[in-house]
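Protein chains in written order, with the working numbering: chain A, 32 to 157; chain B, 303 to 692.
Quick caveat, the hints were computed from the structure, so don't treat them as lab data.
Where a beta carbon is used, it is the ideal one built from N, C-alpha and C, also for glycine.
Any given hint could be a false lead.
Restraint ranges, calculated between C-beta atoms of paired labels, are given here [as the list claims (entries may be wrong)]:
#: 1; chain 1: A; residue 1: Pro98; chain 2: B; residue 2: Lys504; range: 13 to 21 Å
#: 2; chain 1: B; residue 1: Gly419; chain 2: A; residue 2: Phe97; range: 15 to 23 Å
#: 3; chain 1: A; residue 1: Gln96; chain 2: B; residue 2: Asp563; range: 31 to 39 Å
#: 4; chain 1: A; residue 1: Gly145; chain 2: B; residue 2: Lys504; range: 32 to 40 Å
#: 5; chain 1: B; residue 1: Asp342; chain 2: A; residue 2: Phe97; range: 42 to 50 Å
#: 6; chain 1: A; residue 1: Gln96; chain 2: B; residue 2: Asp434; range: 24 to 32 Å
#: 7; chain 1: B; residue 1: Thr358; chain 2: A; residue 2: Tyr102; range: 26 to 34 Å
In silico DSS-like cross-links for lysine-lysine, where the CA-CA straight-line distance does not exceed 25 Å [what the hints assert, rightly or not]:
#: 8; chain 1: B; residue 1: Lys459; chain 2: A; residue 2: Lys152
#: 9; chain 1: B; residue 1: Lys420; chain 2: B; residue 2: Lys338
#: 10; chain 1: A; residue 1: Lys47; chain 2: A; residue 2: Lys147
#: 11; chain 1: B; residue 1: Lys504; chain 2: B; residue 2: Lys323
#: 12; chain 1: B; residue 1: Lys493; chain 2: B; residue 2: Lys504
#: 13; chain 1: B; residue 1: Lys459; chain 2: A; residue 2: Lys83
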Amino acid sequence: MGLDNAWWWEMAADDKLGIQRCQGCQTLRHPPRPMCGDCHSLEWDTVEASGKGSICSYTVLRHPQFPGYEYPLVIVLVDLEEGTRVTSQLVGCEPEDVDFGLQVEMLIQRDPDGFKLPVFKLAGNA
Amino acid sequence: MPISLKDEAAIAGIGLTDFSKQSGVSELSLAVQCIKSACDDAGISPGEIDGLVTYTLDSSDEVEVARAVGAGDLSFFSQINYGGGAAVGTIAQAAMAVATGQATNVVCYRAMNGRSGKRMGQGVSGDISSSDLIHWSWYTPYGMLIPGSWIAMVANKYMHRYGVTREDLGRVAMSQRNHALRNPRAYGYGKPLTMEQYLNSKQIAEPLCIYDFCQETDGACAIMVTSAERARDLKQKPAIIRAVTQASSRGQEQMTSYYRDELISLPEMELAAKRIYDMSGLGPNDIDAACLYDAFTSEIIMQLESFGFCGAGEGKYLVREGALDIDGRLPNNTHGGLISEGYIHGMNNIAEGVRLIRCDSTSQPEKLVEHVLVSSGVGVPTGAMILGRC
Ligand SMILES: [Zn+2]
Numbered sequence: 032m033g034l035d036n037a038w039w040w041e042m043a044a045d046d047k048l049g050i051q052r053c054q055g056c057q058t059l060r061h062p063p064r065p066m067c068g069d070c071h072s073l074e075w076d077t078v079e080a081s082g083k084g085s086i087c088s089y090t091v092l093r094h095p096q097f098p099g100y101e102y103p104l105v106i107v108l109v110d111l112e113e114g115t116r117v118t119s120q121l122v123g124c125e126p127e128d129v130d131f132g133l134q135v136e137m138l139i140q141r142d143p144d145g146f147k148l149p150v151f152k153l154a155g156n157a
Numbered sequence: 303m304p305i306s307l308k309d310e311a312a313i314a315g316i317g318l319t320d321f322s323k324q325s326g327v328s329e330l331s332l333a334v335q336c337i338k339s340a341c342d343d344a345g346i347s348p349g350e351i352d353g354l355v356t357y358t359l360d361s362s363d364e365v366e367v368a369r370a371v372g373a374g375d376l377s378f379f380s381q382i383n384y385g386g387g388a389a390v391g392t393i394a395q396a397a398m399a400v401a402t403g404q405a406t407n408v409v410c411y412r413a414m415n416g417r418s419g420k421r422m423g424q425g426v427s428g429d430i431s432s433s434d435l436i437h438w439s440w441y442t443p444y445g446m447l448i449p450g451s452w453i454a455m456v457a458n459k460y461m462h463r464y465g466v467t468r469e470d471l472g473r474v475a476m477s478q479r480n481h482a483l484r485n486p487r488a489y490g491y492g493k494p495l496t497m498e499q500y501l502n503s504k505q506i507a508e509p510l511c512i513y514d515f516c517q518e519t520d521g522a523c524a525i526m527v528t529s530a531e532r533a534r535d536l537k538q539k540p541a542i543i544r545a546v547t548q549a550s551s552r553g554q555e556q557m558t559s560y561y562r563d564e565l566i567s568l569p570e571m572e573l574a575a576k577r578i579y580d581m582s583g584l585g586p587n588d589i590d591a592a593c594l595y596d597a598f599t600s601e602i603i604m605q606l607e608s609f610g611f612c613g614a615g616e617g618k619y620l621v622r623e624g625a626l627d628i629d630g631r632l633p634n635n636t637h638g639g640l641i642s643e644g645y646i647h648g649m650n651n652i653a654e655g656v657r658l659i660r661c662d663s664t665s666q667p668e669k670l671v672e673h674v675l676v677s678s679g680v681g682v683p684t685g686a687m688i689l690g691r692c
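Turn these sequences into a full structure, and let the hints steer you where they fit.
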């Protein structure tokens, strides 16, 4: 964590998916950075994403298997309905069932040592 | 007056160590061996080296290398960032140095115990503090730890959009393996690869399987750059640098440029293409062979489009018609590339570009090779160059 991204993880710890917003031109941006590349404002605040989006791309990781992760691991790139993209994990889904364009919803996953991570599930799935 | 690098500099020497899974020597030892070899190839003494360029990822820094190899006084030394994206960038630095009189004999090198030591394929880890490491913090908590996982996200989207199949990736892997069969230095020397083997191999990061990945290797490669004028008087037939550039495009990240509009093209490679074609006055039709960066097979197909050998989405057709093979439109990575010769971070692809110009490849095409295109790492800030005969 650093000064430019700690807030995003703090929002996640508060069960929220955050998006950085430029206060100069209102453009949303992710991943966070200190200056707006469009209007060069250093002022920014955050919005809470709805957590709804669709799968832009994905990959299924099978090897090598690192400790602390459950394989196969479905990694998704999600087009959020707010217009930014976020990289995350798709949970509760067999690798065969993931596909481009599917609707997804964010949920917060808590790992064994309490760290909270925004992940996604297929929309409508329990 | 603006200076163009067109035809100003040349590669006068190449040097490589043996490639292996366990070199048994230090990376510094590999570095000085390949540099000495490049000097021998060019017909100069290491004492004449006055410039050195390497990668920020290289563990052998310039003055250690200079002392060990017995270089003379140095007037130019620098390092380029971004892993394999640095490959051609080192040559761009060297070319600028010789063109502007900063140095006369510049050696670019990459020496790595890439298999027995720090393996790039093991990915990233460590404390999150610098802007670089914060970048990785968006991926590592989800298990995206290795380069293959980062590239797979783009490859999958590209293949889905354009109907590229696993067989197409397999064709790239087999084409390069066929080249490697004749190259004694190559990992793939004497080891044929069939489509059946390819399709039945272990999936790593879908859609990429083990044969789509480059071959982690211990070894080193050095490239000696001097002025085109001086190169003509040295031992080897020079490979003239017709054009060379670095390239990073808006919204670029290293490996994970996922937030740009499109994931189905390589904007930084398109930038590199435009710049080297503009600089050289050449176009895709003038390029006879290529050494396109190939950490992963999918990158080859995408680059065929970036460099204008076909339109968007048409790279698969070139591959299917055998364009990359020795008798094809664009024989590619005729040494086997990073996938089947060895992964020396792209430096060995530059060396092969020089061999093609010298008519000295173990898989030299029958046609006359006037111009060779060489590119740096894909998905990272990168670069490209065109080598030509003098
Ligand atoms: Zn702004």
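Now the hints, each set against the structure:
{"no.": "1", "hint": "A:Pro98 / B:Lys504: 13 to 21 Å", "verdict": "19 Å, holds"}
{"no.": "2", "hint": "B:Gly419 / A:Phe97: 15 to 23 Å", "verdict": "19 Å, holds"}
{"no.": "3", "hint": "A:Gln96 / B:Asp563: 31 to 39 Å", "verdict": "34 Å, holds"}
{"no.": "4", "hint": "A:Gly145 / B:Lys504: 32 to 40 Å", "verdict": "35 Å, holds"}
{"no.": "5", "hint": "B:Asp342 / A:Phe97: 42 to 50 Å", "verdict": "43 Å, holds"}
{"no.": "6", "hint": "A:Gln96 / B:Asp434: 24 to 32 Å", "verdict": "26 Å, holds"}
{"no.": "7", "hint": "B:Thr358 / A:Tyr102: 26 to 34 Å", "verdict": "32 Å, holds"}
{"no.": "8", "hint": "B:Lys459 / A:Lys152", "verdict": "20 Å, holds"}
{"no.": "9", "hint": "B:Lys420 / B:Lys338", "verdict": "24 Å, holds"}
{"no.": "10", "hint": "A:Lys47 / A:Lys147", "verdict": "10 Å, holds"}
{"no.": "11", "hint": "B:Lys504 / B:Lys323", "verdict": "20 Å, holds"}
{"no.": "12", "hint": "B:Lys493 / B:Lys504", "verdict": "18 Å, holds"}
{"no.": "13", "hint": "B:Lys459 / A:Lys83", "verdict": "20 Å, holds"}
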